[in-house]
Amino acid sequence: MRLNGWMRIPALAVAALVLTLALQGCFKEPAGGDSAISRDGLSPVIVARGDDTSNREIARFERVYMTYAENPRDSRPLKHFRDAVARVRAAYVYPVADDRLIDAAIAGLVAELGDASQAPGDRLVAAALNAMTADLDPHSDYLDAEEMRDLAVVTTGEFGGMGIQVTMEEGKIKVIAPIEGTPADRAGLRAGDLITHVDGRDITGMSLSQAIHAMRGEPGSRVRLSVERPGRDAFEVTITRAIITVDPVRWATHGQVGYLRIIAFNERTADRVGDAMAAMQDELDGRMRGLVMDLRSNPGGLFDQSYKVTDSFLDSGMIVAIRGRDASRAQVYRARHGDLAQGLPIVVLVDGGSASASEIVASALQENGRAMVMGTPSFGKGSVQMVIMLPDGGGLKLTTALYYSPSGHAIQARGVLPDVMLTGMDDIYENHRESAIPGALPAAASDDRRLQARIDVATCPAVDDDRQLGCALGVLDAGSLDHFLSSSRPASAG
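Taking my numbering, the leading residue of the sequence shown gets 1, the next gets one more, and so forth.
Mixed in with the good hints there might be a few duds.
Using C-beta positions, here's what the derived DEER-type ranges look like [claimed, not checked]:
#, residue 1, residue 2, range
1, Y94, E218, 39 to 45 Å
2, P438, V64, 23 to 29 Å
3, R454, G317, 26 to 32 Å
4, G171, R76, 27 to 33 Å
5, H337, D52, 16 to 22 Å
6, D464, M389, 41 to 47 Å
7, E146, G338, 38 to 44 Å
8, D282, R232, 45 to 51 Å
9, D275, R149, 40 to 46 Å
No wet-lab data here; the hints were simulated from the structure.
From the three backbone atoms N, C-alpha and C, an ideal C-beta is built for every residue, glycine too.
Model the full structure from these sequences, guided by the hints.
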């Protein structure tokens, strides 16, 4: 099998850290939606005046702040805090009690003081907002002005980093997945690893954005990470930072079946998918018989790209709905005519590292009857983060809504359940999915029963040492799942 669109990546300088502030479902609205949210992903939020309870709680924070701020007469940090709280109250996906917000903010302020009797006001407010947003869910965060600039860089697909997607778990940085082919991947970082120190500096207790900033550096510089991994002693790994340019798509052909590997959803993904499909059809002289779409270990990315990719393989039907606090104002995204695969059968491969935008694509193709999903349950990151700019600089990355599949199932903490479960291999994502993250928004009740069969990968041929791919190709070559099951006699139907 010849693999295309991949060898260019190692030739590029790659390395430091993927800023997941942008890569995990940040919203950029595509054409075709039923809403009018701004296309740059920045939400205009109407902020109402606080009620008496809110005002009392804000006053409680202000009393603590005035006690410990070096210059309590400087009103700017407190104004910044009030603006942020107002936006959380107006935009967060669920109503949050005012005392909960302020309790978390005060705890963050006090922790920032440490043994000092006073500290700069802007530093105290930043710590308070970091703690307040961290208490909401693992994907909400406060961003200072520099972190807002970093955020804009990542979505283009070119940035300094190591190539890992991370989240926060109990004060530690947890690796969700390394991006394929990057220095973090080559250094052996794995899902579930906990990063505790950067160049000897303890980063436990930092906010997610602060820890990410600590890991960034000049291209060509080296960073030493201290890592904890279940089942072995703590260890260190040294990685050279560089500029990462993520080519999000690669392709290959196997017989008369196309193989489309989507690594991430950045601003180039939909265009590259179109290029890859055209190249495969050309290589096969228009005789393609089926397609494997590989979304394994794809951490997600831009919403508009997931919509465009899905739309590329559907002639009609709903792709996804987004519902925030007001369920009556759901945004529904539907497919327009045009299927790049021209009705050919599609198998979508997923695993526990398939998150966010990947799950939108997989669930839409599955529930519209356009593709068979094969693998293991996906990650379950079904929440939408909106970046909200604050008037005095900085911003909030807030969870403002949840994704719902065409059949109405919430993806959050549930993920996409495969039609065909693959068994007999190590699941490196076991216990590392969204539902296992402390503070994650819970899954909604569901009676979805999609499982058609279980296949032991040992019964499938290895294609480039990949038996899961061998299973997908085997089903397409056989013409149907039933024919494959009867001919290979894998594990029984479920």
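Hints, verified against the model:
For the pair Y94 and E218, the beta carbons lie near 41 Å from each other, so the given range of 39 to 45 Å is met. Between P438 and V64 the Cβ separation comes to about 26 Å, which falls inside the hinted range of 23 to 29 Å. At about 28 Å, the CB distance of R454 to G317 agrees with the hint of 26 to 32 Å. About 29 Å separates the C-beta atoms of G171 and R76, a value consistent with the hinted range of 27 to 33 Å.
Between H337 and D52, the C-beta spacing of about 54 Å breaks the proposed range 16 to 22 Å. Against the hinted window of 41 to 47 Å, the Cβ-Cβ separation of D464 and M389 comes to about 45 Å, which satisfies the hint. With their beta carbons about 42 Å apart, E146 and G338 fall inside the hinted range of 38 to 44 Å. Between D282 and R232 the beta carbon distance is about 48 Å. The supplied range of 45 to 51 Å therefore holds.
Take D275 and R149: their Cβ atoms lie about 30 Å apart, and the range 40 to 46 Å is violated.
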